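Participant: Sequence:
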Amino acid sequence: MEFPAYLATMPMHAITEIHGEPGLLARFRLELRAFDEAARERLIEALDLAAELHRDDRRVREPYLNHLLRVAIRMMHHYQVRDVDVIVAGLLHDAVEDHPDELAGAHAGELAGAHTGEDATAAALAVLAERFGPRVARLVGAVTNPAYDPGRDKHVQYREHVAASLDREPWARVIKISDFTDNGVGVIHTVGPKVTSSARKYRPLVPVYRDLVTRPDTPLSAPVKEHILGQLDLAEERFSAILDEPPHPN
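Heads up: the sequence shown begins at 1213 in my numbering, then just goes up one per residue.
The reader is advised that the hints may include incorrect statements.
Derived DSS-like pairs (lysine-lysine); straight-line CA-CA distance at most 27 angstroms [stated by the list, open to error]:
#	residue 1	residue 2
1	Lys-1413	Lys-1366
2	Lys-1406	Lys-1366
3	Lys-1437	Lys-1413
Because the hints were derived from the structure by calculation, they are not lab data. Here the structure is a predicted model, which means the values were calculated and not measured.
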């Protein structure tokens, strides 16, 4: 498949709509040109693992891998991230949460039978640490949702987890903000009940991310932080359009 010369400048959801997963993969390869050969090999290894783990997963209208590609491309292109561990963790940020047993692989025998979610998560993170290093595993762990208390509101627990885990992991903030941008700003690219449910889930997180982005220890440049704040404004506008009642005419 041939792609236009301006693929490197196209908005990612435009690439998704027009060229699908092959277009996003081509854009990902374009971004890899900024890295040396060893870094490219690690990033491709992480992409291959993500593609295998999420091979049957979908996000409403698209393969789940599209979301992971956009998260990674956004960090490389818009956030100018050159820390390979961070991008690897971005590609794998949902791997432990969604596929802990499959990721654990060789550890699965140890977990046979009635294992707990915490056991599976620990085994999966151990595999990531072995394959990609302990820092990648720590970053993925920071953006992996814990087991929720069924007696409490799930969205409230999610917000508490985000605030607490990202407070102590500045680079994990970068991954989570890219993830939020894809889900929040990108909410208008989905269909059906997920539009409203996603807006309700993510809207209360806008001030949380504003605080995290503007902290001095968040490892992004001032222009990148301004770009992200603009994206948070756009997300809030879209949440408002979805959730708020329009004013009644006089």
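Participant: Run every hint past the structure and note whether it holds.
Facilitator: Tested hints:
1. Using a Cα cut-off of 27 angstroms, the hinted pair Lys-1413 and Lys-1366 holds, with the two alpha carbons roughly 9 angstroms apart.
2. Taking the CA atoms of Lys-1406 and Lys-1366, the gap is about 16 angstroms. The hint holds against a cut of 27 angstroms.
3. With a C-alpha separation of about 23 angstroms, the suggested pairing of Lys-1437 with Lys-1413 holds against the 27 angstroms cut-off.
Checked against the numbered hints given earlier, the structure satisfies every one of them.
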